[in-house]
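Asker: What follows is the residue order along each chain.
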Amino acid sequence: MTAVATVPGTTRLGPAAKHRSRAIRNGLATAFITLSFVVVLVPLALVIGYVVSRGHQVFGVAFLTKEIPTPRDPGPGMGPAVLGTLLVTGAATLMAVPLGVLGGVYLSEYGKRGFVARVLRFFAEVMTGVPSIVMGLFVYTAVVLRTHNPNAFAGSLALACLMLPIVIRTTDEMLRLVPSDLREGSVALGSRQARTIVRIVLPAAAPGIVSGALLAVARAAGETAPLLFVIGSAYRTNRSLFNGSNTTLSVQIFNNARSPFLASQQRAWAAALTLIGIVFIFTVLARLVTALYSRRSTAQ
Amino acid sequence: MVADSPPVAHLSDGHRPPGRFADLAFRWVALLAGLSVLVVLALIAFSTTHEAWPAFSKEGIHFFTSKRWDVPGQHFGALAFIAGTLLVSAIALFFAVPVSIGIALFITEVVPRRLRRSIVYVVDLLAAVPSVVYGLWGATVLAPKSTGFYDNVARTFRSVPILHTLLSGQPVSGVSYMTAGVIVALMITPIITSITREVFATVPTSQKEAATALGATRWEMIRGSVFPHSRGGIVGAVLIGLGRAMGETIAVALVVGSATSLTGRLFSPGDTMAAVIANQFGEATDTYRAALVGLGVVLFAITIVIGVIARAFVARADARSAGA
Amino acid sequence: MTPTTARRCLAPLAVVMLVAVGACGSSKKSGGASTTPGGGSQLPATTLSGSGSSFQDAFDEQVFRDFTSDAQKNVTVNYSPTGSGQGQTDLQGGLVDFAGSDSLVKAADVSKFKGALLYVPIVSAPITISYKLSGVTSLTLSASTIAKIFSSKITTWDAPEIKADNPSASLPSTPIVVVHRSDGSGTTANFTKYLTEAAPSDWTLGTDKVVNWASNTIGAAKNTGVAEKISSTDGAIGYVDFSDAKAANLTFASIKNAAGKVVAPTLAGATAAMASAPVTADVTVSPMNAPGTDAYPITSPTYMIVYENQTDHNKGTALKALLEYVLGAGQAKAESLDFAKLPDALLAKAKAQLDKIQIP
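Residue numbers (this note's numbering), protein chains in the order written: chain A, 1 to 300; chain B, 1001 to 1324; chain C, 2001 to 2360.
Because the hints were derived from the structure by calculation, they are not lab data.
All figures in this text were calculated on a predicted structure; none of them were measured in a lab.
Ideal Cβ placement from N, Cα and C applies to all residues, glycine included.
Treat the hints with caution; some may be incorrect.
Claimed, not checked - Covered by chain C, according to a simulated footprint, are these stretches of chain A (three or more residues, beta-carbon under 8 Å):
1) 67-74
2) 144-154
3) 231-241
4) 255-261
This is chain A alone, in the form it adopts within the complex (with noise of 0.2 Å):
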């Protein structure tokens, strides 16, 4: 049989038949593909018009600054959540991201499949299946009952245990990713493997890693389970990581939806607005600034 070139695609290489059940078989991978994404826009735009709809009348300037009211009261007000949800899920995101960022190096391109790195790898993978509430648990026992102090902090060192894996996890599949001649080439040049690491492998594997870093952020911002024993509740703004009880959109989200009271409810979808908002604001800037360093550094 001769291959006839023509388009790619259309090249005849045996009997029509044959050519249309390979098309067919195109066609019908690329309209499940296709389907994948509509599939999955369908609930996305049901939830995000859900949230709106039942949040949109509080929500405002106001909502996102003043004091949390009563549950009576149909005033606006998040403003301690929003600043709560920052503080905690920031805190969580400087403590877990360099130590996932680093231990996901360690695996990738020192450990590669020795038996520590294989031990930590699974470890790492049993860890991403820790219920959040279990964490909660942890860091209320060990922490909370030992400092008598339920704080933001607590907060984030919960978030943070959940967040680690996470971004070990990724790290690590990105980095083994990076095709090994960058390494070699960076090597024969004369880098020591540090450095190799640090100004090669990870810009190289960044936006897979920042991926990974802001699937863990969304996480953790949208967690409620683990905060609800740690974090106590204020309905005053409180800037303190340290000092005294906070709380957060996603806690307030928790407790007020389920009130019996509509201004209550408002507020928690209102919240939810909010939370969905910064989580999206943060996950776009954060590509962005990847998307342009990744461009600086490849131009220079």
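Fit chains B and C to the given chain A structure using the hints.
Answerer: Quick look at chains B and C alone, frame taken from chain A:
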């Protein structure tokens, strides 16, 4: 001839390259960071087992083998919840894995480059929704609307041998294993999609172009160039998604129905270990509280067992394909 | 500045920022008490924290804020409705200044506390038996019928037991859908306690925060969840606390109490139950199936539990002031918040509890 230390030059940005000490220090810092996982896990394991001990010593092996969770009578058996956790996770993976891989392929292979970033943002939006919102939406919107659907499906499959048991149950208000599984699938899709997409993006374009140049259709190119390169990454992504599915607490607690039953009927209400802890912890004291923490320990153990099984499975699949 | 240098500066900068934020928040105003024109000395700035029962949350949130705005401007009171059991655990660990609880501390847990405890009853409220049945706007139920309904022994609305309680009503044959709590709940504990005391031969599922309901019942989270399920299902019946049931506009059943009278779930009925029930030595009450003529038999009391010996002068003084407010001006606000204030005799005993608080 071994070049022990390369000549120390000054680089274009004015810095001196790190010496041997800095190199070693970096390696040790990275190792310690990795070990932090073991340290934290060991602390969690120790702390929770210690707290759960009163319940373990009271129940003994029945804690794992009995499906009776009787609070007034103080009998605690986790079997129904273990099964529930596995059921919900299986349903979630069943829906999430093909859809996530599909979306990842959509982003990397089908969508024109200019539109890629916006589609990625749509997936990010899915990840930005907090778990409690998914749970509340599931309980107030999805569950009630599903009752009719579940009834229809159950009727359709009534005569099919195995499926008729699976696809049945009393969907009195829509809360069930299936609803919980679907909600969890929604939540783990962005994780699996995001990682898989990054993995697909690292496939060398030369390989893809070579396949297309040889006359492959898009699907054949994906099967031939993208999948083989990405298999390890996809497995990693799925395992992370599985972990999240097993550990999801609040969303499941709101939609799984909170019924203690050991059943294969997916449309009936049930419970998972994490959901039971979340629902009952606030009011629990004494042995009851210890039993709830014990559920956490059991979940720990189950995750380890699943991890071992998953790894063995992947290793066998790898060995088979490598030998082929 | 190169990207590397920028990155290197970022981490320490972030650490500095965090520490600064932490330090800023930790400075507290210190100083002695000052007097206000309206009389009564103002305490120095303190924060009190409590956790526990979500049953009393609607009362607490409002009254504690009023305490701050009306009585002690420098004292902030935070309350976290995580559940009575968790509240007790928090108090055991010294994490909170008071625990809100609908139930008493179990004997096995008493030794885990750091010292002697004081129960201060604050309010009570009826637990309604709410239902939705088309065409039926009023319903009377006796304890034995309720027990049989909720243990799934009676399955349709036209059962003979229900007919016997409602001789003049026309009841359809709709199947009964029982709605209960899926989460651990003091309301469940108190409701099942009532059934155990009022209908011991008919109620077999025991009493606790979680009970093993039959598999054809519906579980919903929190009172709001139960209320929602009841209002969206014809033939549904469930137990919902008064303020949630009122907010959801549910229809209540009237209950035949221990004295034989049929009483609707009202705040007056709750107060009557609390007044006729015996008070123990540590000022706790069990108004379930209370003997009073006008008592509503499914009434739930709720307490604030504090340590008798306070360890901090400022906090102890503030706590006592808070409790005095709750038992004073707070009682007048109870009705507008859908809670029943304490009957006079019990209120006097509760106030006497406050005298036992030792402040260093």
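Asker: Indicate, hint by hint, whether the structure satisfies it.
Answerer: Here's how the hints hold up against the structure:
| no. | hint | verdict |
| --- | --- | --- |
| 1 | 67-74 | holds (count 3) |
| 2 | 144-154 | holds (count 5) |
| 3 | 231-241 | holds (count 9) |
| 4 | 255-261 | holds (count 5) |
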